[in-house]
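Single-letter residue listing:
2 protein chains.
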Amino acid sequence: MATLAEKLIVAPGSKFKLGKLDADRTFGVQKAAAARKLERNIERLSELQYRLYAEARRAVLVVLQGIDAAGKDGTIRHVMTGLNPQGVRVTSFKVPEGEERRHDYLWRIHRACPEWGSIGIFNRSHYEDVLVVRVHNLAPKSVWSKRYRQINEFERSLSECGVTILKFLLYISKEEQAKRFEERLDDPSKNWKFSAADSRERDYWDAYLDAYDEMLEKCSTQYAPWYVIPANRKWFRNLAVSDVIAGVLERMKLEFPKPATDLSAVKIT
Amino acid sequence: MATLAEKLIVAPGSKFKLGKLDADRTFGVQKAAAARKLERNIERLSELQYRLYAEARRAVLVVLQGIDAAGKDGTIRHVMTGLNPQGVRVTSFKVPEGEERRHDYLWRIHRACPEWGSIGIFNRSHYEDVLVVRVHNLAPKSVWSKRYRQINEFERSLSECGVTILKFLLYISKEEQAKRFEERLDDPSKNWKFSAADSRERDYWDAYLDAYDEMLEKCSTQYAPWYVIPANRKWFRNLAVSDVIAGVLERMKLEFPKPATDLSAVKIT
Numbered sequence: 048m049a050t051l052a053e054k055l056i057v058a059p060g061s062k063f064k065l066g067k068l069d070a071d072r073t074f075g076v077q078k079a080a081a082a083r084k085l086e087r088n089i090e091r092l093s094e095l096q097y098r099l100y101a102e103a104r105r106a107v108l109v110v111l112q113g114i115d116a117a118g119k120d121g122t123i124r125h126v127m128t129g130l131n132p133q134g135v136r137v138t139s140f141k142v143p144e145g146e147e148r149r150h151d152y153l154w155r156i157h158r159a160c161p162e163w164g165s166i167g168i169f170n171r172s173h174y175e176d177v178l179v180v181r182v183h184n185l186a187p188k189s190v191w192s193k194r195y196r197q198i199n200e201f202e203r204s205l206s207e208c209g210v211t212i213l214k215f216l217l218y219i220s221k222e223e224q225a226k227r228f229e230e231r232l233d234d235p236s237k238n239w240k241f242s243a244a245d246s247r248e249r250d251y252w253d254a255y256l257d258a259y260d261e262m263l264e265k266c267s268t269q270y271a272p273w274y275v276i277p278a279n280r281k282w283f284r285n286l287a288v289s290d291v292i293a294g295v296l297e298r299m300k301l302e303f304p305k306p307a308t309d310l311s312a313v314k315i316t
Numbered sequence: 048m049a050t051l052a053e054k055l056i057v058a059p060g061s062k063f064k065l066g067k068l069d070a071d072r073t074f075g076v077q078k079a080a081a082a083r084k085l086e087r088n089i090e091r092l093s094e095l096q097y098r099l100y101a102e103a104r105r106a107v108l109v110v111l112q113g114i115d116a117a118g119k120d121g122t123i124r125h126v127m128t129g130l131n132p133q134g135v136r137v138t139s140f141k142v143p144e145g146e147e148r149r150h151d152y153l154w155r156i157h158r159a160c161p162e163w164g165s166i167g168i169f170n171r172s173h174y175e176d177v178l179v180v181r182v183h184n185l186a187p188k189s190v191w192s193k194r195y196r197q198i199n200e201f202e203r204s205l206s207e208c209g210v211t212i213l214k215f216l217l218y219i220s221k222e223e224q225a226k227r228f229e230e231r232l233d234d235p236s237k238n239w240k241f242s243a244a245d246s247r248e249r250d251y252w253d254a255y256l257d258a259y260d261e262m263l264e265k266c267s268t269q270y271a272p273w274y275v276i277p278a279n280r281k282w283f284r285n286l287a288v289s290d291v292i293a294g295v296l297e298r299m300k301l302e303f304p305k306p307a308t309d310l311s312a313v314k315i316t
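First to last, the sequence lines map onto chains F and G.
As numbered in the working numbering, the first sequence has no gaps in its residue numbers, which increase by one up to the final residue, 316.
As numbered in the working numbering, the second sequence has no gaps in its residue numbers, which increase by one up to the final residue, 316.
The set of hints was computed from the structure by calculation and includes no laboratory data.
Here the structure is a predicted model, which means the values were calculated and not measured.
Beta carbons are placed, not taken as given, at the ideal position from N, Cα and C, and that holds for glycine.
Honestly, I wouldn't trust all of these hints.
Just the calculated beta-carbon pair ranges, DEER-fashion [said to hold, decoys possible]:
id : chain 1 : residue 1 : chain 2 : residue 2 : range
1  : F       : A244      : G       : D260      : 35 to 43 Å
2  : F       : A307      : G       : Q197      : 32 to 40 Å
3  : F       : D233      : G       : R83       : 32 to 40 Å
Computed list of chain F residues with no C-beta within reach of chain G, every gap over 12 Å [what the hints assert, rightly or not]:
id : residue
4  : R98
5  : K119
6  : V142
7  : S192
8  : R203
9  : R247
10 : D250
11 : T308
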C-alpha cells in the first residue's frame with residue numbers, strides 16, 4: 048500500500064492540474080488519529096534532528112510555497128515548534144531589496160542554505176521567481192522560462208553536495224482563502240496578518256494555478272521532489288508535512304558519529 | 048518575597064565571587080515541581096513569542112555563557128525547543144575566522160543581532176573577548192580591559208534601540224565538569240561532544256573564575272543584567288533560565304498590533 052508521502056509526491060515530469068485537486072482531501076486519515084500521529088512525528092523529528100546535528104556532515108532544506116493564507120507560517124509553527132532552534136534556521140523571502148537586487152535571483156537563496164547538521168526552512172523561495180514574477184510580468188518570459196532549468200541544476204548541485212531537499216506546495220481552495228482573509232479581518236488577534244495587497248492577488252488566481260502547474264511539472268525531480276498538500280484542513284496539512292519530513296530523515300540513516308581518535312586512553316584530570 | 052529572578056540577578060557594580068557559589072544550589076525549588084513549572088514557562092514563552100513576532104517592533108537577545116559542559120547547548124535544547132523557530136535565531140560563536148577576523152570583535156555580534164519581532168540566542172558571545180582572550184593572553188591587557196566599557200556602551204545602544212538583553216552565566220563546579228566529560232567519553236551517543244582541547248582548559252579554571260568575576264562586576268547593568276545560574280542540576284538550570292526569560296517578556300507588555308487602517312470597510316471578493 049502506498050504511504051501518505053507516496054500519494055503526495057509529484058512524479059518527475061508528470062502533468063499536474065492543481066485546479067482539479069480537492070483541497071479538502073485527507074486520504075482517509077481521521078482527525079483524531081492525525082493529532083496523535085503529528086505528536087509522534089514531531090518526537091521522531093526531534094530525535095532525528097539531534098542525530099543530524101551531531102553528525103554535522105549533511106543538511107536538510109525544506110521549501111514551503113503556497114498562495115497567501117495557504118498556511119506556510121502555520122505549518123512552521125505547528126510542525127517545527129518541537130525542534131531544537133539551535134539546529135533550525137527559518138528564512139522568509141520577501142520582495143528582494145538592497146543588495147539582493149544587485150545579484151542574480153539565486154544568490155540570496157544560496158546564502159541562506161542550511162549549514163551542515165541543520166535544517167533550513169524556506170518560507171517562500173526561489174520559486175517566487177517563476178510564480179509572482181511570471182504572473183505579474185516582473186521579468187520577460189525569455190528570462191523566467193530559463194529558470195526552471197537553472198533551478199533544477201542549482202538544486203541538483205546542492206543535493207549532490209549533501210543537502211536533502213523537500214518541497215511542499217500547500218494548496219487551499221479560493222473559498223477557503225476568502226474564509227481565512229475574513230478571519231483576519233474579524234479576529235483582533237489576527238488583524239496584523241491582513242494585507243490588502245494579498246487580497247488583491249485573488250484576481251490572479253487562475254494565472255497562479257498555471258504557474259504552479261508548470262513549476263510542478265518541470266521542477267519535481269528525483270533529487271528535489273515537490274509534494275502537493277491539500278491544505279484546507281490544517282490538521283491534515285500539518286500531519287502530511289510532518290510525515291513526509293520524518294520519513295525522509297529516517298531514510299538518511301543518521302547516526303551519532305564515531306570518535307576520530309581512541310577515547311579509551313583519555314583521562315580527565 | 049524575592050522572585051527567583053531577583054535572587055539570580057547580579058546587582059550592577061556588585062562584587063561577585065563565582066568560586067564561592069554553590070553550583071548545586073536550587074533555592075528551595077523541588078525537582079518534581081520544577082518539571083511542571085518548566086512546562087508552564089515554555090507555554091508562556093511560546094505565547095509571548097507569538098505576540099513579539101506579531102508586534103515586530105522590538106527584539107529580545109539572550110546571551111548564554113559558561114565554561115565547557117556547563118550546559119549552554121542543553122539549555123537551548125530544553126528551554127527553547129517549545130518556541131516557533133520562525134521567530135528564533137540561535138548563533139553559536141566560535142573562534143573568529145575569515146572575515147570575522149578582518150573586523151573589530153563586536154562586528155560579527157552586531158550582525159547576528161535578532162531582527163524586530165524575534166528572539167536571538169547567543170551561544171557564547173562577545174564576552175569571550177574578555178574571557179578566553181584574557182585567560183590565554185590572546186590580546187594585551189590594554190586591549191581587553193577597555194572592552195568592558197565598549198561592551199556596556201554597545202549593549203546600552205542596542206537596548207535603547209529596542210533590544211531587550213538578558214545574559215546568563217551557567218556555573219558548574221569543577222567536579223561536575225569532570226563528571227560530564229567522563230560521560231562524553233563513556234556514552235557512544237555523547238562521544239561526538241568530547242573535545243580534548245576542552246578538557247585541557249581545566250588547567251585554567253581559576254583564571255576563568257577571575258575573568259568571570261570581573262565580567263559580572265563590570266557588565267551587569269540595568270539595561271543588560273547578568274543572571275548567574277547554579278547549573279550542576281540541569282532541571283534547576285532549565286527552570287531558572289525559562290523563569291527569568293518568561294518574566295522579562297511578560298513585563299514587555301506585548302500586544303497584538305492594532306491595524307493601521309480601518310478594516311471594517313474591507314470586502315473580500
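Quiz item: Among the hints numbered above, which are violated by the structure, and what are their numbers in rising order?
Solution: 1, 4, 5, 9, 10, 11
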